[in-house]
Amino acid sequence: MRKHGVFSWIIGVLLPLMFGVVAARADSLTIILDRSTNSSELYVAGPAETLLALFDVDRAVIPMQDGVVDYSAFALGTWGIGDALLQNTRVTFDNAPSGFEAMSFMLHPSEDALPLQTPFDANMAIGICSALSSPERYALEEMTGYVGYFSDQTSSASTIEVVLPSVSRTSLNISVVDYMQGGALTFVRRFEPGEPIRFVIPPPGNSFRLNIPLVLLALVSVFAAAWKINHRSFVEHCLRQLFAKHHGRKAQPTSCSE
Amino acid sequence: MTQNTDRRKFLVATAAVTLLPALPSFAQSDEQAVVEMLTKHPTDSKLRNVFFPRITSVQAGQTVLFKATDRSHNSASIDGMIPDAAEEWDGRINEDVEVTFDVPGVYGYKCTPHAATGMVALIVVEGEGKLDNLEAAQGVRQRGRAKKVFEEIWEEAAELGLLEATST
Chain B
1 MRKHGVFSWI
11 IGVLLPLMFG
21 VVAARADSLT
31 IILDRSTNSS
41 ELYVAGPAET
51 LLALFDVDRA
61 VIPMQDGVVD
71 YSAFALGTWG
81 IGDALLQNTR
91 VTFDNAPSGF
101 EAMSFMLHPS
111 EDALPLQTPF
121 DANMAIGICS
131 ALSSPERYAL
141 EEMTGYVGYF
151 SDQTSSASTI
161 EVVLPSVSRT
171 SLNISVVDYM
181 QGGALTFVRR
191 FEPGEPIRFV
201 IPPPGNSFRL
211 NIPLVLLALV
221 SVFAAAWKIN
231 HRSFVEHCLR
241 QLFAKHHGRK
251 AQPTSCSE
Chain G
1001 MTQNTDRRKF
1011 LVATAAVTLL
1021 PALPSFAQSD
1031 EQAVVEMLTK
1041 HPTDSKLRNV
1051 FFPRITSVQA
1061 GQTVLFKATD
1071 RSHNSASIDG
1081 MIPDAAEEWD
1091 GRINEDVEVT
1101 FDVPGVYGYK
1111 CTPHAATGMV
1121 ALIVVEGEGK
1131 LDNLEAAQGV
1141 RQRGRAKKVF
1151 EEIWEEAAEL
1161 GLLEATST
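Those protein sequence lines, which keep their order, are chains B and G. Using our numbering, read the first sequence as starting at 1 and increasing by one per residue. Using our numbering, read the second sequence as starting at 1001 and increasing by one per residue.
Hints are computed from structural coordinates only; laboratory data are not their basis. Note that the Cβ used here is the ideal one computed from N, Cα and C, for glycine as well. Certain hints may be false.
Beta-carbon label-pair distances, calculated as ranges [unchecked claim]:
1. B:Thr159 to G:Asp1102: 52 to 60 Å
2. G:Glu1128 to B:Ser36: 36 to 44 Å
3. B:Arg190 to G:Asp1084: 13 to 21 Å
4. B:Ala75 to G:Leu1134: 29 to 37 Å
5. B:Arg190 to G:Leu1134: 48 to 56 Å
6. B:Leu185 to G:Thr1043: 29 to 37 Å
Covered stretches of chain B, as calculated for chain G (at least 3 residues, CB under 8 Å) [claimed, not checked]:
7. 90-104
8. 123-129
9. 146-160
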């Protein structure tokens, strides 16, 4: 009874706590790529301090006053902040410069996280809206940054490579939502502490084709495992027969022989 | 048959009423044209941060009211995109602004914080020499999505006949 209580305590309290600590120590970024036939858009979102650290940009790039973000300075446009964020980062389309330039950068309180599933969501998030006239002011630590970039080059069939100038401080999960004509592909790339942050977003068709062999392999494995389970008794029976014959003994019937 | 005809008339009338505000304003010189500054396009919910309409045609001497319907927007002329003899304007955020256009020509303008996200638009002031600054205006480098939007605007304006010397 006491043993059962200890297990319950471990499962109920310690494990969630451990997972919580691990989760809390992981940074996360969201990247949304919008591939169009005549242009490309890239959106990045994440905790403001994480963004600045990963893009290797000094926090002085954000206008602050008395320890809180100074939104009034945003009224003239914030693409300068966006360009500063990207200046040490390399983004290429098929190894050629992507031509991305910032559209807008915006900070929103992390406690009121905005939806961020589609390019439309992201476009909303980078817009400087009611924040300009809102009386609420926040410290940088309390905010999530959203930045959007535009390029007049298409990337609809390109391999896109992103190389950030820093290494991951803690575990880092980058969620990539790749929008293209006909749908979206979402994947998460995990980086361990100290790992260079570099990843490739494959061209739309290739990502699916690359997965086909894996899917086939998985299916074959499943069928093989199923066959093995169903026929284990038969194989075992044959082996026993063989073993008995070899040693001149009468085979013992198995309980589940064919 | 009568019912079908009535229905058709109703649909045509509805379409006309719906589409009318989307067309450029061809108001007479004694009327005031209105451009709304919006966070959400009134008919296309996928478009955010827009001037509506985004192409306006007025007569020389006519006034345009830039109406701050939604918050956080302003109207400001874009450097290099107005005639040499015209005066620049720079409206305050969240405030209506009225601008009188005395010099014929094309006038590119923007919402200052949202220009790079594509919140730009065009006014064509009819009159002699209205195309004198067209090439210069089209040559101005745009940032971010404004490039794409202005490409669409120039194309649309041309289709509407606004970029012809004798447009109505």
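Hint check:
no. : hint                              : verdict
1   : B:Thr159 to G:Asp1102: 52 to 60 Å : holds (53 Å)
2   : G:Glu1128 to B:Ser36: 36 to 44 Å  : holds (40 Å)
3   : B:Arg190 to G:Asp1084: 13 to 21 Å : violated (57 Å)
4   : B:Ala75 to G:Leu1134: 29 to 37 Å  : holds (30 Å)
5   : B:Arg190 to G:Leu1134: 48 to 56 Å : holds (53 Å)
6   : B:Leu185 to G:Thr1043: 29 to 37 Å : holds (31 Å)
7   : 90-104                            : holds (count 4)
8   : 123-129                           : holds (count 6)
9   : 146-160                           : holds (count 4)
Comparing the model with each earlier hint shows a violation of hint 3 alone; every other hint is respected.
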